[in-house]
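Chain residues, written in single-letter form:
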Amino acid sequence: MNVLLIVLLTFVGAVGWMTVITREPVRQAIMAGLLGLLLAALFFALQAPDVALSEIVIGGGAIPIMLLLAIGKIRRQDAAAEREQADQ
Amino acid sequence: MNRSRKVAAAVGLLLVIGGFVWGATGLHKFGNYNFRYGAIVAKDSVPDRAAVNSVVVTAFDYRAFDTLGEEFILFISVLSVGVLLRRMREEHESDGDDVGPEPTMRGSESMRWLGAALAAPVALLALEVITHGTLTPGGGFQGGVVLMSAVAFTFLGGEYALVARLRGSATWLEVSESVAAAAFALLGLGGLISTGIFFENFIYKGQAGLLTGGFIPLANIAVGAEVAAGFLVVISELLYQRLLSSD
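If you're matching them up, the sequences are chains W and Z in order. Taking our numbering as reference, the numbering of the first sequence is continuous, increasing by one, and the terminal residue is 88. Taking our numbering as reference, the numbering of the second sequence is continuous, increasing by one, and the terminal residue is 335.
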């Protein structure tokens, strides 16, 4: 195991932990994206470029985007429900 | 009650940790791979299938049946997410504002330019990754998601007008997703018809080089189209709903 792998594994562990302890959903989605990019670097260092390529796009892009869109949708629904209650 | 629960949880946790540590001590040394399967596949993929990338040869030829399962998992996930989201949209539309969105441009000018500039090169990269799966790292799944991100770049660039237009061609996206999923299964049937074995590589394989490996490039194209179209169905539906309800 070389220095690069040790550094990457440490970062993946640290960012994974930080993703779990982040409680605010938007920040958490962005942390999950960062974790995806770090995992992609780790896969590349472990000579799995096939897996790294998918991880960059899915972990670093698709998952955070879908999470952000879903969070936005929930917040708008909540806001609409609150408005309705205020009207009554 | 609470106390006995905690005891039960602690016992379970200790068993899991103990089992994990016990299992981990029996692992091979890090980076020390000495199983036969990998060596055989790496040695055989060039003489046997005229393809250099043994990962793709395994996924799309030797283990194509597994990939068929994976492909249908994706297909069914997209289908169910689509059904769920559309149901929610119908509820929203029945609230009275079923006028449809006004196609407008949003987002900053520089984001739009960046998105538009990146879309074409990334799409080209995606096509390269899909078609050269037999030669270089990549293949249908990876190329498919890259192709999806090329289209997504234009959304992120704030081209909401384009999202609205894409909704108009949603049927085409769904049709191409289904056709691509069926195409992969048909390649398996082709093997069954011409050699009697499901997913036998029945196309002339040629010498190792560009576009060889029998049906592997075709399988990659089918999977790439399915992955890209499937992701786009979900993302465009989510973005369209955002467009509907954002004022």
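Read the hints as simulated data drawn from the structure, not as lab findings. Think of the CB as a built atom: it goes at the ideal place given N, C-alpha and C, for glycine as much as any other residue. Keep in mind that the hints are not guaranteed to be accurate.
Stated by the list, open to error - In silico contact screen, one side only, chain Z against chain W (beta carbon under 8 Å); selected entries:
1) Gly119
2) Val233
3) Ala258
4) Leu326
Worksheet item: Which of the numbered hints above does this structure break?
Response: Violated hint (a single one): 3; every other hint is consistent with the structure.
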